[in-house]
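Produce the complete structure using the sequences and hints provided.
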Amino acid sequence: MAYLELKNVCKTYEDASGGTKVLSNINLTIEEGEFVAIVGFTGSGKTTLVNLINGLIKPTSGEVLFKGEPVTDTSHERGVIFQNYSLLPWLTVGQNVYMAVKEAFPKESKEKLQAIVKDYVAMVSLSPAINKRPKELSGGMRQRVAVARALAMNPEMIIMDEPLGALDALTRGNLQDEILNIWSKDKRTALLITNDVDEGIYMADRIIPLKPGPNATLGPEFIIDIERPRDKTSLNDNETYKKNRNAIIEYLMDIGNERKSVSNETYELPEISPKSFVA
Amino acid sequence: MKQSITLNKITQLMGFGFLKPITALFTGKPQKEDIVNFLKKIIVPLLSILLFLGVWQGGSKALFNKEANFKIEKALADQGQAAADEIRACIASGEISCQPNTLPSPSQVWTSFKTLLEDHKVISADKLAFKEKTAVMNEKRIAAGKEPITYTGRPSFVDQIFTSLKTVFAGFLLALVIAVPIGVVIGLSTTLRSSFNWLIQIFKPVSPVVWLLLVFMIVKTLTKDSNSDSAFIISFISVGLCSMWATLVNTAMGVSSVDKDYINVAKVLKLGPMQKVFKVILPSSLPLIFTGLRITLSVAWMVLIAIELLAQSPGLGSFVWEEFQNGAIDSNSKIIVAMFIIGIIGFLLDRIMLTIQNMVSFNKNEGV
Ligand SMILES: Nc1ncnc2c1ncn2[C@@H]1O[C@H](COP(=O)(O)OP(=O)(O)OP(=O)(O)O)[C@@H](O)[C@H]1O
Ligand SMILES: [Mg+2]
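In order, the protein sequence lines correspond to chains A and B. For the first sequence, our numbering assigns the number 1 to the initial residue and increments by one for each residue that follows. For the second sequence, our numbering assigns the number 1 to the initial residue and increments by one for each residue that follows.
Honestly, the hints are just simulated from the structure, not real lab data. Hints may be right or wrong, so weigh each one.
[Said to hold, decoys possible] The calculated DSSO-like cross-link candidates involving lysine-lysine, where the alpha carbons are at most 30 Å apart (straight line), are: (1) B/Lys-267 / A/Lys-187; (2) B/Lys-260 / A/Lys-211; (3) A/Lys-67 / B/Lys-260; (4) B/Lys-220 / B/Lys-146; (5) A/Lys-118 / B/Lys-267; (6) B/Lys-276 / A/Lys-107.
As the structure is a prediction and not an experimental result, all values here were calculated from the model.
This is the structure in structure tokens:
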């Protein structure tokens, strides 16, 4: 039995004009302990897919199974890092994380919970800012708080929606390693949404492209068969890495071009001639 | 430097940003922009005050002349030249008994203001003396289980101000206690919201006078057999009922329009219903709740004067009404003094609420 399974999942957002069909026929199987990355263009429905898996929204048709059970609601077993951070602005960094930890471990003592909060805030190197409110943080700092909040809950499966998008290369690299570390420690399962192919190859066992919507479906998967722990510097010379990277980028460029050529609308251009400022 | 930063922050938060040019002038080396700012933000408003006083002075003078001429002509028509001359001389001499009764000039108002303060000193001294005189007797009376004797003399203007403030705060608290919980409950449920909407829409525009009469009907019967201060009860309940609607509507709106991201966080963390309300929904609607409370307080202060006037309960409203009926020579200027005091207190109350509002509010995009 697969750990997470999506069977023919379709999602349509209803609205006045009939609705937009965002995802169609998504079939995805993730085994326990796997690290899967999904790459896709902006607006293709990646966040929608994440929300279907974590239980915030329900599929229009098809099934989402988690450990064989249909997903009907959110669960502490599946931790989420939201794309837009979603920190509570009236709480400090520490309080934001504390709130999550308290819900995840209701039986622990206050001191223990505080200690967990401290650890995870330190992990994302935000200890000096632990008493600051989100408005005093930069975008990247907020993103790190969101990472700390999700990981501190110690979920079995980590669902990450472009979690490192706003970070500089160095911080990004560090956090990638932290996430990999936490993932491998207790053999967790991870789903990473990203728009960075290199990040996907560095972190994941499998990369699956999401074709551009509407009616987005998953493309063919690319298996990244590189020994762990992977080393960033030597990765560049690794044959598997190079081969996969080129294949994925080529594929994405192909579907990108396809999307352009699918649009056969013709636009009538207005007749414009340069204006003479002299006359 | 640090001092000036905190000073600026406080004035900013209080909504006294217009004081910034002054603090800038005194807390460091004045820059050229500071001086321009000073001119713009301090000198120009001062000029506008002078202009206001000038127009007032001119207007009251014109009204005075009109009233005086009328008086003289009336005397001329009724009693002949001699009486007219006498009145003219009387008015010119500044004799109080024959001054025309009209809009007082700024200086008259200022004099009345000082008179009222003097009056307050006299009455306070009187009160203190009375208290000392009756202290021993009151102790005995209390020991014997009787009511102590209290001062029943005329309240001073300052006493009236405090009575009004007491009433307005009682009314405001009542509005808060009723409107916030109901607003939260209504905001949480679409069904309740649509079923109570008609009630809110109908009662919101009802005039303070009608509320007063309604409260009067009920409280009069309820307090039949007790000798409590029903005028105070009637006026503060009416004030509360008139002013609570802004808070009710704003609270309901704040609670029902919580950002979807925050709700998603609550869902992913699996907060219980109570936790969700107290830790996510209420904090995120606090800015709107306080916006409502600010409107409520200013409405409360505004209707209070009218309600006191009608309910004959002590306070600034009845002060104004009594002075108007009194018709003494300085009554008009006392009324104008009361007008300024009412305005200034209203302004200060609004500033206090604005400060609190600024402290609790956050930008919608801050956490996102
Ligand atoms: N709640 C909603 N109601 C209606 N339409 C929606 C809703 N959420 C998303 N959509 C639509 O679904 C499509 C996919 O949105 P989604 O947020 O899943 O994209 P995404 O791949 O996460 O994009 P990005 O990379 O920019 O985050 C978009 O066209 C969007 O307009
Ligand atoms: Mg997205």
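Evaluation of the provided hints:
{"no.": "1", "hint": "B/Lys-267 / A/Lys-187", "in the structure": "26 Å, holds"}
{"no.": "2", "hint": "B/Lys-260 / A/Lys-211", "in the structure": "27 Å, holds"}
{"no.": "3", "hint": "A/Lys-67 / B/Lys-260", "in the structure": "28 Å, holds"}
{"no.": "4", "hint": "B/Lys-220 / B/Lys-146", "in the structure": "26 Å, holds"}
{"no.": "5", "hint": "A/Lys-118 / B/Lys-267", "in the structure": "24 Å, holds"}
{"no.": "6", "hint": "B/Lys-276 / A/Lys-107", "in the structure": "19 Å, holds"}
Violated hints for the displayed structure: none, as all numbered hints are satisfied.
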